[in-house]
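2 protein chains.
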Amino acid sequence: MSRKHTHPCAIAETLNILGDRWSLLIIREAFYGATRFGEFLTNTGISRNLLTERLQQLVEAGLLTRTPYADRGTSYVYDLTDKGRSLEGVMLAIIDWGNRELYGEGHEPVRLVDRQSGLALAGVRPVDEDGNLLEPSDLVLELGPGGDGRTRNRLARAKQDIFRASDLKS
Amino acid sequence: MSRKHTHPCAIAETLNILGDRWSLLIIREAFYGATRFGEFLTNTGISRNLLTERLQQLVEAGLLTRTPYADRGTSYVYDLTDKGRSLEGVMLAIIDWGNRELYGEGHEPVRLVDRQSGLALAGVRPVDEDGNLLEPSDLVLELGPGGDGRTRNRLARAKQDIFRASDLKS
Numbered sequence: 001m002s003r004k005h006t007h008p009c010a011i012a013e014t015l016n017i018l019g020d021r022w023s024l025l026i027i028r029e030a031f032y033g034a035t036r037f038g039e040f041l042t043n044t045g046i047s048r049n050l051l052t053e054r055l056q057q058l059v060e061a062g063l064l065t066r067t068p069y070a071d072r073g074t075s076y077v078y079d080l081t082d083k084g085r086s087l088e089g090v091m092l093a094i095i096d097w098g099n100r101e102l103y104g105e106g107h108e109p110v111r112l113v114d115r116q117s118g119l120a121l122a123g124v125r126p127v128d129e130d131g132n133l134l135e136p137s138d139l140v141l142e143l144g145p146g147g148d149g150r151t152r153n154r155l156a157r158a159k160q161d162i163f164r165a166s167d168l169k170s
Numbered sequence: 001m002s003r004k005h006t007h008p009c010a011i012a013e014t015l016n017i018l019g020d021r022w023s024l025l026i027i028r029e030a031f032y033g034a035t036r037f038g039e040f041l042t043n044t045g046i047s048r049n050l051l052t053e054r055l056q057q058l059v060e061a062g063l064l065t066r067t068p069y070a071d072r073g074t075s076y077v078y079d080l081t082d083k084g085r086s087l088e089g090v091m092l093a094i095i096d097w098g099n100r101e102l103y104g105e106g107h108e109p110v111r112l113v114d115r116q117s118g119l120a121l122a123g124v125r126p127v128d129e130d131g132n133l134l135e136p137s138d139l140v141l142e143l144g145p146g147g148d149g150r151t152r153n154r155l156a157r158a159k160q161d162i163f164r165a166s167d168l169k170s
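Read top to bottom, the protein sequences are chains C and X.
The first sequence lines up with residues 1 to 170 when you count with our numbering.
The second sequence lines up with residues 1 to 170 when you count with our numbering.
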């Protein structure tokens with residue numbers, strides 16, 4: 001494994017757990033209902049050694065639990081924890097982006113569709129604590145309580161409204 | 001670089017571009033307003049060789065543009081393209097997840113706050129084409145026009161409502 005990122009940042013810390021070519025595919029499989037080593041192996045195309053390593057890391061990170069299967073101590077069942085399940089927003093955002101920007105309309109391999117309306121997922125939108133929709137372009141960076149001197153210095157030099165295109169700045 | 005994923009899947013295809021420890025930190029920096037090699041270098045802690053390689057990949061993937069800086073042909077300015085900028089949903093989802101699940105309330109290094117209301121980002125929610133909020137637990141998998149035989153086989157064995165916890169299944 002590469003060394004870990006050490007500066008306080010939600011993106012860097014997430015990459016310390018999920019920043020590789022396979023971990024999110026294992027998480028995808030867990031959302032699809034896979035629970036056994038062989039299922040993850042077959043459905044992702046990962047090697048056995050790498051799968052063993054990645055499953056262990058995901059268990060250590062608290063995203064999956066590992067439970068012995070019936071009485072056979074050498075076989076395990078892997079399930080998403082609440083922490084793993086809370087990646088649903090990240091999964092939705094990636095599925096939407098990949099479908100839209102990498103495949104394009106009419107070429108999506110898999111779509112997510114609302115069972116009631118039959119309408120397809122068309123993106124994710126930020127909300128506040130009360131569930132109100134926010135405009136990304138209205139969001140501004142703010143030093144949080146867990147930020148350090150480096151964070152403060154970086155933010156002081158950063159564009160505050162990071163989701164507003166420069167040419168639209170007032 | 002590791003070999004690429006070849007099965008049609010929006011997550012796999014996204015990981016082919018962004019599935020490493022550094023690319024999303026470079027994208028973060030671009031959203032923060034960084035445009036020069038030295039800024040990306042200092043603000044992420046990446047090595048020069050790896051940064052050169054990753055910037056080239058992000059330009060090839062169409063997420064950044066590279067423009068010569070003034071008259072000096074050896075120096076470049078990197079800017080987000082529309083395709084790169086459309087990662088805002090992915091960035092928001094990761095910032096929210098990392099803050100909430102890896103740091104926890106009261107320990108966030110950086111927060112995103114609505115400039116109008118002062119309320120902090122509290123998550124991302126899926127929407128349909130008309131902008132209506134969707135419930136993740138109501139979303140079901142569907143074979144898309146770009147799916148192949150493997151996709152069809154995988155979906156036939158998958159849980160359809162992937163964001164509904166098993167113990168809540170009706």
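By construction, these hints were calculated from the structure, which means they are not laboratory data.
Check before you lean on any hint, since a few could be wrong.
[As the list claims (entries may be wrong)] Think about it this way: if two alpha-carbon atoms lie no more than 27 Å apart in a straight line, the pair counts; the simulated DSS-like pairs of lysine-lysine are:
#: 1; chain 1: C; residue 1: Lys-4; chain 2: C; residue 2: Lys-83
#: 2; chain 1: X; residue 1: Lys-4; chain 2: C; residue 2: Lys-4
#: 3; chain 1: X; residue 1: Lys-83; chain 2: C; residue 2: Lys-159
#: 4; chain 1: X; residue 1: Lys-159; chain 2: X; residue 2: Lys-83
#: 5; chain 1: X; residue 1: Lys-159; chain 2: C; residue 2: Lys-159
[Unchecked claim] Pair ranges (Cβ atoms, derived):
#: 6; chain 1: X; residue 1: Ser-86; chain 2: C; residue 2: Asp-82; range: 27 to 37 Å
#: 7; chain 1: X; residue 1: Gly-104; chain 2: C; residue 2: Gly-149; range: 16 to 26 Å
#: 8; chain 1: C; residue 1: Thr-52; chain 2: X; residue 2: Arg-66; range: 33 to 43 Å
#: 9; chain 1: C; residue 1: Thr-52; chain 2: X; residue 2: His-7; range: 13 to 23 Å
#: 10; chain 1: X; residue 1: Arg-66; chain 2: C; residue 2: Thr-67; range: 30 to 40 Å
#: 11; chain 1: C; residue 1: Arg-150; chain 2: X; residue 2: Arg-36; range: 16 to 26 Å
#: 12; chain 1: C; residue 1: Asp-82; chain 2: X; residue 2: Asp-148; range: 25 to 35 Å
#: 13; chain 1: C; residue 1: Leu-133; chain 2: X; residue 2: Gly-106; range: 23 to 33 Å
#: 14; chain 1: X; residue 1: Asp-82; chain 2: C; residue 2: Thr-67; range: 41 to 51 Å
[What the hints assert, rightly or not] Rough simulated footprint, nothing fancy, chain C against chain X, three-plus residues with beta-carbon under 8 Å:
#: 15; segment: 7-16
#: 16; segment: 48-60
#: 17; segment: 65-71
#: 18; segment: 121-132
Backbone N, C-alpha and C fix where the C-beta goes; we use that ideal spot for every residue, glycine too.
Counting residues of the segment 48-60 of chain X whose CB is closer than 8 Å to a CB in chain C, do you get three or more?
-> violated (count 0)
Status of the given 41 to 51 Å range, CB of Thr-67/C versus CB of Asp-82/X = The hint (41 to 51 Å, Cβ to Cβ) holds, given that Asp-82/X and Thr-67/C are roughly 45 Å apart.
Has the given pair, Lys-83/X with Lys-159/C, been kept, meaning a C-alpha gap of at most 27 Å?
-> holds (19 Å)
How does the Cβ-Cβ distance of Leu-133/C and Gly-106/X compare with 23 to 33 Å: does it lie in that range?
-> holds (25 Å)
Apply the coverage criterion to the segment 65-71 of chain X and chain C: a residue qualifies when its Cβ sits closer than 8 Å to a Cβ of the chain, and three qualifying residues are needed.
-> violated (count 0)
Is Lys-4/X within 27 Å of Lys-4/C, Cα to Cα?
-> Holds, at about 23 Å.
Verdict for Ser-86/X, Asp-82/C (Cβ pair) under range 27 to 37 Å | holds (30 Å)
Closer than 8 Å, Cβ to Cβ, for at least three residues: run that test on the segment 7-16 of chain X against chain C and report holds or violated.
-> holds (count 10)
8 Å C-beta test of the segment 121-132 of chain X against chain C, three or more residues = With 12 residues closer than 8 Å to chain C, the segment 121-132 of chain X meets the three-residue bar; holds.
In this structure, is the beta-carbon distance linking Arg-66/X and Thr-67/C contained in 30 to 40 Å?
-> violated (49 Å)
Does the Cβ distance between Thr-52/C and His-7/X fall inside 13 to 23 Å?
-> About 21 Å separates the Cβ atoms of Thr-52/C and His-7/X, which means 13 to 23 Å holds.
Does the hinted range 25 to 35 Å hold for Asp-82/C and Asp-148/X at CB?
-> For Asp-82/C and Asp-148/X the Cβ distance comes to about 34 Å; the hint holds.
Checked against the numbered hints given earlier, this structure breaks hints 4, 5, 10, 16, 17; the rest are met.
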